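Q: Here is what each chain is made of, one letter per residue.
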Amino acid sequence: MDKSKQVCKPQNKTTISLQNVTISYGKFEAVRNVYCDIQKGKVTSLIGPSGCGKSTILRAINRMNDLIPSCSLNGRVLFEGADLYDPRIDPVEVRRRIGMVFQQPNPFPKSIYENIAFGARINGYKGDMDQLVESSLRQAAVWDECKDKLNDSGYSLSGGQQQRLCIARTIAIEPEVILMDEPCSALDPISTLKIEETMHELKKNFTIIIVTHNMQQALRVSDMTAFYNAEIKEGAAGGKCGYLVEFNDTDKIFNSPVQKATQDYISGRFG
Amino acid sequence: MNLFYKHTSRRNLSNTILTLITGLFATLAVLPLILVILYVLIKGASQININLLTQLPEPPGDDLNSGGIGNAVIGTFVVTGIGALIAIPIGVGGGIYLAEYSRNGPFSKFIRFGTNVLSGVPSIIAGVFVYGVIVSTKVIFGSNFSGLAGGIALSILMLPTVIKTTDEGLKLVSDELRKGALGIGASKFITITRITLPAALTPIATGIVLALARAAGETAPLIFTALFSFYWAEGSEALLEPIATLSVLIYNFALEPYEAQNKLAWAASFVLVLIILTTNIISRFISKYASSK
Ligand SMILES: Nc1ncnc2c1ncn2[C@@H]1O[C@H](COP(=O)(O)OP(=O)(O)O)[C@@H](O)[C@H]1O
Ligand SMILES: [Mg+2]
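Chains as they are written, first to last, in my numbering: chain A, 1 to 271; chain B, 1 to 293.
None of these hints come from the bench; they were simulated from the model.
Every value quoted in this text rests on a predicted model; they were computed, and no experiment measured them.
Fair warning: there could be bad hints in the mix.
Claimed, not checked - Here are the simulated distance ranges between beta carbons:
1) Asp152(A) - Met1(B): 57 to 67 Å
2) Lys188(B) - Arg76(A): 17 to 27 Å
3) Ser14(B) - Gly26(A): 48 to 58 Å
4) Glu80(A) - Ser119(B): 44 to 54 Å
5) Ser119(B) - Asn123(A): 37 to 47 Å
To be verified - Calculated lysine-lysine pairs in the BS3-like style (CA-CA distance at most 27 Å, straight line):
6) Lys43(B) - Lys109(B)
7) Lys110(A) - Lys179(B)
8) Lys110(A) - Lys171(B)
The beta-carbon is built from N, C-alpha and C at its ideal position, and this holds for glycine as well.
Next comes chain A alone, as it looks inside the complex (with noise of 0.2 Å):
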């Protein structure tokens, strides 16, 4: 599986190194042998067929996957050098630092400007919090649209704005790593747009990680992307088992791809 080593550009800080990290459920290995390291500051998407482990990697950085009692986890992922599975290591504190965005829109049943204000207040914010919950909602470019109604639900918002809410809460926690699972599968094209645009801003205080199936989507907003695929298991009866094929530049991945599989998915001959 030494085909997908690929070595990182060393003029980059690398802020997260997935390092042979080998995820199981139970005794099924649903992603194996990835060896990734992240860029600080830029925003890297992770495509690939679906059941090839994107999730589940992703889900791996922030020790998410830590609530689903039969995962378990191989090899070291290093966050800014320090090994994130290290007996020692809070789950809670690194949830703080690497924040994450779901696919589904989840807003607490809270107001809006609660849905920003609790997870900086559990965070121990003490600053002037309208204005955090201003600077976030303006961030994540859904000001606009919701600073006549803090005090409204966060439900009365429409799926795009709310996902743009869910984004904003993140924000304000002041996380270094923004974790996003397809977050923009359960929107409409033009909340899709505006996310994008988001992220574009984002860009600039935050390292983000996007899973994401649609390719447009990773061209348009990615630095670099990590191509995962399936293929059946040796041995083991039934099951497929995800790897990482080739990470590189956006623009390599998509005009010079490596991997004749990097070639055949872009090309949408299969996926």
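For this one, chain A is given, so just place chain B with the ligands on it according to the hints.
A: Relative to chain A, chain B with the ligands alone:
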């Protein structure tokens, strides 16, 4: 071909008959309910006046003046309140454990099973149990029959309902919400107390109110524990002494050979039904209010 509805066809005839039969049974099912409430209201409402609610009951025998049910009304609230104070924290805590912390292992299965068994235990058993463990042994400050013992007996009856509604209410909360909170660095405790529990508040509150209503009308567990009293519950040790409640008052006085006491029992029935009815309406109100939000 004729597409008109034919009353006389076999299919339509049997349909009509079966509809009538189910309608009849449905009426039979609610009839007792309506009759009981009407009967109690009619028999009891005529007895209601202000003295009734402010005076103490007179010991049977004095036919001229039977007094009131003031202490029993207060006692019902006090004993049910004690039960709630015990059952709500334990029940909600247990429900939170089952829904949020346990991993469906043998221990939580055992608790769920136990809860189901407990909810089927006849209330008199709860009374005898508390009598045996607390009243007869005088473990609580040497007191014998007491409001406290009565409250403990009622809490045993409320507990399963509170655990179950908390457990089920929390399970209805979408996992996305939990993930959302954890994904922005909330601890499990914060997630439960600030996100999941508030989201499940309506079913939990409804369940608690229904449990209260059920407990408020219980007699059997109180006969062995709270007993009865002809006096106001006052003084620093009021909870450690026997206390009057509406249900026990009804039980005691309805069987007296004296007309005046029987009337008092009817009045107490009326007030008790009113209290329980109100509590049930409140629970309806809670769920309506929240679902319209
Ligand atoms: N909670 C889970 N329990 C067991 N297996 C899972 C779980 N989540 C995902 N899987 C399995 O892991 C593999 C990868 O899933 P996932 O990471 O969701 O893929 P992707 O996001 O690329 O579609 C799939 O075969 C899936 O069935
Ligand atoms: Mg996925």
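Q: Checking each numbered hint in turn, tell me which of them this model violates, lowest number first.
A: 6
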